[in-house]
Amino acid sequence: EAGVVQSPRYKIIEKKQPVAFWCNPISGHNTLYWYRQNLGQGPELLIRYENEEAVDDSQLPKDRFSAERLKGVDSTLKIQPAELGDSAVYLCASSTGLAGRNEQFFGPGTRLTVL
Amino acid sequence: DAKTTQPPSMDCAEGRAANLPCNHSTISGNEYVYWYRQIHSQGPQYIIHGLKNNETNEMASLIITEDRKSSTLILPHATLRDTAVYYCIVRVRTDKLIFGTGTRLQVFP
Chain A
4 EAGVVQSPRY KIIEKKQPVA FWCNPISGHN TLYWYRQNLG QGPELLIRYE
54 NEEAVDDSQL PKDRFSAERL KGVDSTLKIQ PAELGDSAVY LCASSTGLAG
104 RNEQFFGPGT RLTVL
Chain B
34 DAKTTQPPSM DCAEGRAANL PCNHSTISGN EYVYWYRQIH SQGPQYIIHG
84 LKNNETNEMA SLIITEDRKS STLILPHATL RDTAVYYCIV RVRTDKLIFG
134 TGTRLQVFP
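If you read the protein sequences in the order shown, they are chains A and B.
Residue 4 is where the first sequence starts when you use our numbering, and the numbers rise one by one after that.
Residue 34 is where the second sequence starts when you use our numbering, and the numbers rise one by one after that.
Read the hints as simulated data drawn from the structure, not as lab findings.
Take the hints with a grain of salt, since some may be wrong.
[Said to hold, decoys possible] If you want a taste of the chain A side facing chain B, the calculated C-beta under 7 Å gives, among others:
1. Leu-48
2. Pro-84
3. Pro-111
[Said to hold, decoys possible] Using 27 Å as the maximum straight-line C-alpha spacing, the simulated DSS-like pairs for lysine-lysine come out as follows:
4. B:Lys-102 - A:Lys-65
5. B:Lys-36 - B:Lys-129
6. A:Lys-81 - B:Lys-129
7. B:Lys-36 - A:Lys-74
Just so you know, even glycine gets a beta-carbon here, dropped at the ideal spot from N, CA and C.
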């Protein structure tokens with residue numbers, strides 16, 4: 004069974020540039036999550052989707068971050084413009100069942116470095 | 034803020050049992066205890082979860098005290114591949130995962 008796929012695995016950009024991350028969840032998983040993980044810390048939830056609806060985006064910095072999940076499958080997370088403090092690993096996860104009641108499967112993450 | 038307290042690091046000899054403690058003294062009656070681990074350069078991986086009873090699966094055992102204020106994750110025969118950061122999380126099943134800083138387990142030969 005294919006796991007959660009993320010691309011790119013690594014991205015280096017200069018500050019003020021835009022960047023986008025892509026996630027393909029496990030087939031059939033209706034719930035999709037984006038997390039950010041700073042060095043030495045645990046992951047922090049940015050946004051959760053139930054199918055194509057964002058049901059929890061309270062931790063998403065909406066001035067520069069945006070996300071979409073068209074057709075309730077793949078998802079894209081965008082930062083525009085990027086700041087130095089955005090350097091982190093961005094993780095995507097997916098799960099079955101409503102309201103995230105089941106275990107989450109994580110992708111390998113995208114490591115973003117902002118110079 | 035995370036609702037759990039874990040030691041920042043632990044060592045374990047290969048082949049021995051690794052016992053990872055977690056304190057969750059403010060746990061509510063409807064909150065489960067979840068364990069995830071994160072191997073270097075990978076995303077977190079679900080291990081096990083429980084409510085009141087002890088649980089066992091192919092990866093580990095979870096022992097929850099009777100008052101539910103603490104628990105222990107047991108890896109019965111640790112291998113080098115078990116070297117990872119282990120996160121203990123308490124949550125209502127419909128709530129989001131809130132990760133702390135976890136326990137860094139180093140398994141040595």
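Against the structure, the hints:
Of the supplied interface hints, the one on Leu-48 of chain A holds, with its beta-carbon coming within about 5 Å of a beta-carbon of chain B, less than 7 Å. Because the beta carbon of Pro-84 of chain A sits about 26 Å from the nearest beta carbon in chain B, more than 7 Å, this interface hint is broken. Because the closest C-beta pair between Pro-111 of chain A and chain B is about 6 Å apart, less than 7 Å, the hint holds. Taking the CA atoms of Lys-102 of chain B and Lys-65 of chain A, the gap is about 37 Å. The hint is violated against a cut of 27 Å.
The hinted pair formed by Lys-36 of chain B and Lys-129 of chain B meets the criterion: a straight-line CA distance of about 13 Å does not exceed 27 Å. A C-alpha spacing of about 22 Å is found between Lys-81 of chain A and Lys-129 of chain B, which places the hinted pair at or below 27 Å, so the restraint holds. Between Lys-36 of chain B and Lys-74 of chain A the alpha-carbon distance is near 35 Å, which puts this suggested pair outside the 27 Å criterion.
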